[in-house]
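Protein chains: 6
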Amino acid sequence: MTPPDINSPEEQARYRRGLEVLNAIDGGGAPAVMDSLGDIAPALAHHVVAFGFGDLYSRPALEPKQRQLVTLGILASLGGCEPELEVHIKTSLNVGLTPAEIVESFIHTAGYAGFPRAINAIAVAKKVFADRDLLPVT
Amino acid sequence: MTPPDINSPEEQARYRRGLEVLNAIDGGGAPAVMDSLGDIAPALAHHVVAFGFGDLYSRPALEPKQRQLVTLGILASLGGCEPELEVHIKTSLNVGLTPAEIVESFIHTAGYAGFPRAINAIAVAKKVFADRDLLPVT
Amino acid sequence: MTPPDINSPEEQARYRRGLEVLNAIDGGGAPAVMDSLGDIAPALAHHVVAFGFGDLYSRPALEPKQRQLVTLGILASLGGCEPELEVHIKTSLNVGLTPAEIVESFIHTAGYAGFPRAINAIAVAKKVFADRDLLPVT
Amino acid sequence: MTPPDINSPEEQARYRRGLEVLNAIDGGGAPAVMDSLGDIAPALAHHVVAFGFGDLYSRPALEPKQRQLVTLGILASLGGCEPELEVHIKTSLNVGLTPAEIVESFIHTAGYAGFPRAINAIAVAKKVFADRDLLPVT
Amino acid sequence: MTPPDINSPEEQARYRRGLEVLNAIDGGGAPAVMDSLGDIAPALAHHVVAFGFGDLYSRPALEPKQRQLVTLGILASLGGCEPELEVHIKTSLNVGLTPAEIVESFIHTAGYAGFPRAINAIAVAKKVFADRDLLPVT
Amino acid sequence: MTPPDINSPEEQARYRRGLEVLNAIDGGGAPAVMDSLGDIAPALAHHVVAFGFGDLYSRPALEPKQRQLVTLGILASLGGCEPELEVHIKTSLNVGLTPAEIVESFIHTAGYAGFPRAINAIAVAKKVFADRDLLPVT
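Protein chains in written order, with the numbering used here: chain H, 142 to 279; chain U, 142 to 279; chain L, 142 to 279; chain R, 142 to 279; chain G, 142 to 279; chain V, 142 to 279.
Since the hints were made in silico from the structure, they are not lab data. Certain hints may be false.
Each pair may be met inside one copy or between any two copies, as identical chains are not told apart.
[To be verified] Here are the simulated SDA-like cross-link-like pairs (lysine to any residue), alpha carbons at most 20 Å apart as the crow flies:
(1) K268 - D176
(2) K267 - Y156
(3) K231 - P145
(4) K267 - S149
(5) K267 - D176
(6) K206 - Q153
(7) K268 - G179
(8) K267 - V278
(9) K206 - T143
(10) K206 - E152
(11) K268 - E223
(12) K231 - A184
(13) K206 - N164
(14) K268 - E152
(15) K267 - M175
(16) K206 - K231
(17) K268 - A165
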């Protein structure tokens, strides 16, 4: 019962495949999170990339814009995921969702998870959009 | 401080607009839920239709397939929403999401909300798909 | 670092005080839950009564009807608490909340925790009210 | 499948009715939240007011103090709703709940949603009460 | 951006390593869940085994009894995870946690996530223990 | 229906027993939280100590290291419990869990509650470990 060596050629190949997916969709925020895990949980960073992006995100049944819509719904309704929402709002823009579509996902969330979750998610979006001069959203 | 009369012409017009949206997307499960509210919370049934569908769902910034992806992410990750998941898996099929796309939304959920939420949502999908002879999903 | 003996005179006095509170407000469902803990977690049953009712519920800053409103909001929004909701809907009736007030608490929940949580809570209320011939709610 | 025009006379009438309710109960915090939505999700601000306050909050089955008790229970137990808790603690004071009743709602929450949710909600209350010179609570 | 072929030699090796871990700890319930995914989401079953058990569970920093304690805390507090709790209560017994330790994990949960989550988890444990003639727990 | 006087000899004895448990395990953070409750909810501080530590934590069925593993799983998966996580990461170190075991609990959480909850919990651990010169974790 030993885990794989994350530095083995097989795991490094998995990691590279995940990183390719991540680089293809990423808005620039995720790598910083990955870096912050380096001195405390490098295996988690490995698995986020190798499993989260290489194994899951790469699957063709949903295209990136569709995956981001699912992700925005999940993160908004879980609550307490502001740092992850920020990363995924940037990623959503990067894969081609418009600011209006991102906002709409959160307005839609109001009906299923209530106004507070929706309003909190929109507050994160507002910060991201302001940094990128994307306000007002029309 | 009085609420609107849900039987007024204005509210009935709002309700009819919501019902039109609901009928356009519905897979057949929602009306049963609405009916079950009739003798205990008719105002809630009114607001689900008038607000949830007439005001929110009808907004053009996301098309129905996109809205369903957000909804599947929300309901799967909230947990304890099996009846609502059943309704929305049917609706998702009805608006044109494929069984593979619905399943993929839940597989994707595993990375953000964990395996249990994903597995529970897929168990609901399996029941819906079995009833409609849509198994196996390929 | 040893816990109190739940059979000591002091703990039995705490338990009796809690049981008095529970009996004063209870709609008949809680004791069954307590009984079911007897052969697996009697200490938990003791603490639910001694702490939950004797220490917390007995506090005069909120009267029972007010406490039940808080409780209904909590249980509806947590989700997955159908057995506890059933107990507390009965308790709410017993302390004098009307069926309309109970239902209204759940309709109100829709705005803050979304329609699914509200609808699920109302489904539990409907079952309790049907058993007691309290439908329709007007 | 088009949503209502939020600037139509009918929607403006709904909005005004909601705003009247909001002004009647508001402690001064909500409008700031509404304003912050103006350049990113004005429709959500409209719906919070028109639906949340005009359609739901205005219903007479619960009076404002009762509604606030339900709301405090919901927001405390959901977690991650600190900004909304702040608004609703102010509103609770404004409609006549005492600081002791507000605190008691959160102490009560400890039994149903655990100590962390209760302690976090009380930390928000402490900040609001300190700003208004309402400490200590007795 | 293509996912790994779960039937490739590399992925089959990952799967076998995970299955070895699963078989070493499993109480007999998990394979049934895995089987149920076969005709709807075989990739998810693959990832639960290859990632969940092969990559995560196999890590030596926590031994199986310790991992089960973390898992019991997570599943009890998430709520709505009754099927997964059942599997993991069986696994916990299998790796050597006593019924009293399992129950104690849930009693402990009461303080951090409230009585309802604790009581619901204990109800699942009671069912598992009854099937195995492990009641009463002393 | 009156609560116990928390200043009575019986309650003071319960409090002292809880404080003894708390002092035996505490990493130095909890008392600050308790102090902050003094002018707003002293009864809650009393119950956290008397019930949470005196009644629950003191129970011998799990030793402190085991209880902390359960607690870390609960707090990480609930989300929005960063202040409590900080206290309990310190307590975990104090009772003898290693930084690697604490981190591993959170990596394990990724499989059951998703990457965001795991990453957020590790961010809190990183802050605690940095303050105590415990980085990198190996």
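Discussion item. Please list, smallest to largest, the hint numbers that this structure does not respect.
Written reply: 2, 3, 4, 6, 10, 12, 14, 17
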